[in-house]
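**Q** Numbered by the UniProt record's numbering, the letters in the sequence shown go through residues 1 to 464 in order.
If you're looking for bench data, these hints aren't it; they were derived computationally from the structure.
Built from N, CA and C at the ideal position, the CB exists for glycine as well.
Possibly wrong hints are sitting among the right ones.
Stated by the list, open to error - Simulated restraints, written as ranges between beta carbons of each label pair:
no., residue 1, residue 2, range
1, Gly43, Leu418, 48 to 56 Å
2, Glu394, Leu418, 30 to 38 Å
3, Glu394, Leu359, 52 to 60 Å
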Amino acid sequence: MPGRLATLVLAADLLAGLALVALALAAVALLPPALQAQTALDGYVRDGLRQNLGIRQQALQVQRADAALREARGNFLPTATINARYTNVSGQVVNLGELINPAFAALNQLIGAPQFPTDIDLRLPLKQETAVRVAQPIFQAEIYSGYRAASAARQVQEATFGVAERELAAQIRAGYLNYGKALRLHELRVATRTLLEEQVRVMSRLVEAGRATPDALSRARAELSEAQQRESEAQQLVDASRQSFNLIVGRQITEEVEVIPAEALALDALPTLDDALQSALGTREELRALDAGKRAADAQASVARGSYLPNLAVALDYGVQGNEYRFRSDADFALVSVVASWNVFNGSRDAARVQQAKLDAERISLQGQDARRGIELQVRLAWQAAAVAKQAIETAAAQESAADRTYQLVNRRYEEGLTSPLELSEARVQRTAAQLNAVFTTYDYYLRRVELDRAAALYPRTAP
1 MPGRLATLVL AADLLAGLAL VALALAAVAL LPPALQAQTA LDGYVRDGLR
51 QNLGIRQQAL QVQRADAALR EARGNFLPTA TINARYTNVS GQVVNLGELI
101 NPAFAALNQL IGAPQFPTDI DLRLPLKQET AVRVAQPIFQ AEIYSGYRAA
151 SAARQVQEAT FGVAERELAA QIRAGYLNYG KALRLHELRV ATRTLLEEQV
201 RVMSRLVEAG RATPDALSRA RAELSEAQQR ESEAQQLVDA SRQSFNLIVG
251 RQITEEVEVI PAEALALDAL PTLDDALQSA LGTREELRAL DAGKRAADAQ
301 ASVARGSYLP NLAVALDYGV QGNEYRFRSD ADFALVSVVA SWNVFNGSRD
351 AARVQQAKLD AERISLQGQD ARRGIELQVR LAWQAAAVAK QAIETAAAQE
401 SAADRTYQLV NRRYEEGLTS PLELSEARVQ RTAAQLNAVF TTYDYYLRRV
451 ELDRAAALYP RTAP
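Working from the sequences, and respecting the hints, build out all of it.
**A** Okay, structure coming up:
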C-alpha cells in the first residue's frame with residue numbers, strides 16, 4: 001500500500017510538471033511573432049552569457065572582489081590566536097633563584113625556622129608558555145577607509161562585468177542577424193537559380209521550335225551558371241555565419257541554429273534621441289565603473305590620511321607558563337592590555353601617498369568627463385545611423401515592388417513574343433538587385449538598432 005501511494009504521488013507530480021510545460025508553450029505560442037522572435041533571441045543571449053568563457057572569467061573576478069570585500073569587513077572583528085612555546089634551556093642563562101635563595105636563607109636564619117625555600121630554580125626564559133590572545137581594534141582609521149576602498153573596487157569589477165555582458169549580448173544578436181541575412185540571401189539565390197532553370201528549359205524549346213536563336217539559349221545558360229555559383233557562395237556564407245554565431249554563443253560549431261522568420265524580427269519603435277542619451281548617461285556601466293574608481297581613489301587617500309591618526313586596540317591574554325605543563329588555578333595567568341600607537345613621523349611617506357591618491361582621483365574624474373562625451377557621441381552617431389537606415393527600408397521596399405511589377409510585365413510580354421530575351425534578362429537582373437537591396441537595407445537597420453541598443457544600454461528593454 002505505501003508503495004502504491006508513492007507511485008500515485010509521483011504520477012501526480014509528473015502530470016503537474018507536464019501541465020506547466022504545456023501552459024508555458026501555449027503562452028509562447030500566443031505571443032505576437034515579434035515577441036516570439038525576441039524570446040528566441042533572448043534565449044540565445046542567455047545561453048551565451050552562461051557559457052561564454054570570457055564572461056565566466058569576468059564572473060570569477062567579481063567573486064574575487066566579493067572575497068576581498070569580506071576580507072576587509074573581517075578587519076572590524078576581533079582576532080583570536082593561540083601561541084605556544086617550549087624552550088630547552090642549557091648553558092649560562094639568567095636564574096633568578098640565585099638571587100632569591102640567599103635572601104630566603106638569611107630570613108630563615110633570622111626567624112630560626114625554615115619558612116622560605118632556598119632551592120628555587122627560576123631560570124629565564126621558562127620552559128613553556130601557552131596562551132590565547134583575543135585582540136579587538138577600537139579605533140583604526142585605515143580599517144574603515146580600507147573597507148570603503150574594497151567596496152568601491154567591488155563595484156568597479158561588477159560594472160566591468162556588466163560591460164562585458166552588454167558587449168557579448170550585442171555580439172550575439174548581431175551574429176544571429178548576420179546569419180538571418182545570409183539565409184535570406186541564399187533563399188533569393190535559390191529562387192533566382194530556379195527561375196533561370198525554367199528559363200533555360202523554355203528557351204531550349206523555343207530554339208527547337210525555331211522561335212528563338214541559339215545565342216539567346218547560350219546567354220540563358222551562362223546566366224544559370226552564374227546563378228549557381230552565386231548560390232554556392234551564399235551557402236558558404238550561411239555556413240560561415242552559423243559557425244561564427246555558435247562560437248560566440250558557446251555551442252558546438254556545427255550545431256544547427258533555430259530559424260526565426262524574417263517578418264518576426266520587427267523591432268520596437270525607434271526611441272527618441274533624448275531617451276537614448278538619457279538611458280546611456282544613466283545606465284552605461286563604464287560610467288558607473290569610473291564613479292566607483294573615483295570613490296576607490298578617495299578611499300585610498302583616506303587610508304593614507306589615516307596614518308596621521310592614532311591607533312587604539314585592546315587585547316586579552318590567558319594561558320599557562322612554567323617549567324612544566326600544569327593546568328591549575330595557581331599556574332594560569334591573564335593579561336588585559338590597552339595598546340595605542342601613533343605614527344609621528346615617517347619621512348613624509350604618508351603625505352606622498354595622500355598626494356598620489358588625490359592625483360588618481362583627479363585623473364579618474366577627467367576620464368569620466370571624457371567617457372561621458374565619448375558615450376554621447378556614440379549614441380548620437382548610432383541613433384542617426386539607425387534613423388537613416390529605417391527610412392531606407394521604405395525606399396527599398398518601393399523599389400522592390402516596382403522592379404517586381406516591371407519583371408512581371410516584361411515576362412508576360414516575353415511569353416507573348418512581344419519582347420526579346422535580353423529585355424527579360426535585364427528585368428530579372430533589376431528585380432534581383434532590388435530584392436538584394438531590400439534584404440541588405442532591412443538587416444542593416446536591424447544591425448544598426450543592435451548597435452544603438454548597445455551604445456544607449458537599451459537592451460533588454462528593447463529587443464529583438
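**Q** Does each hint hold? Answer for all of them.
**A** Tested hints:
Against the hinted window of 48 to 56 Å, the Cβ-Cβ separation of Gly43 and Leu418 comes to about 54 Å, which satisfies the hint. For the pair Glu394 and Leu418, the beta carbons lie near 33 Å from each other, so the given range of 30 to 38 Å is met. The given range of 52 to 60 Å is respected by Glu394 and Leu359, whose C-beta atoms sit roughly 54 Å from each other.
In summary, this structure violates none of the numbered hints.
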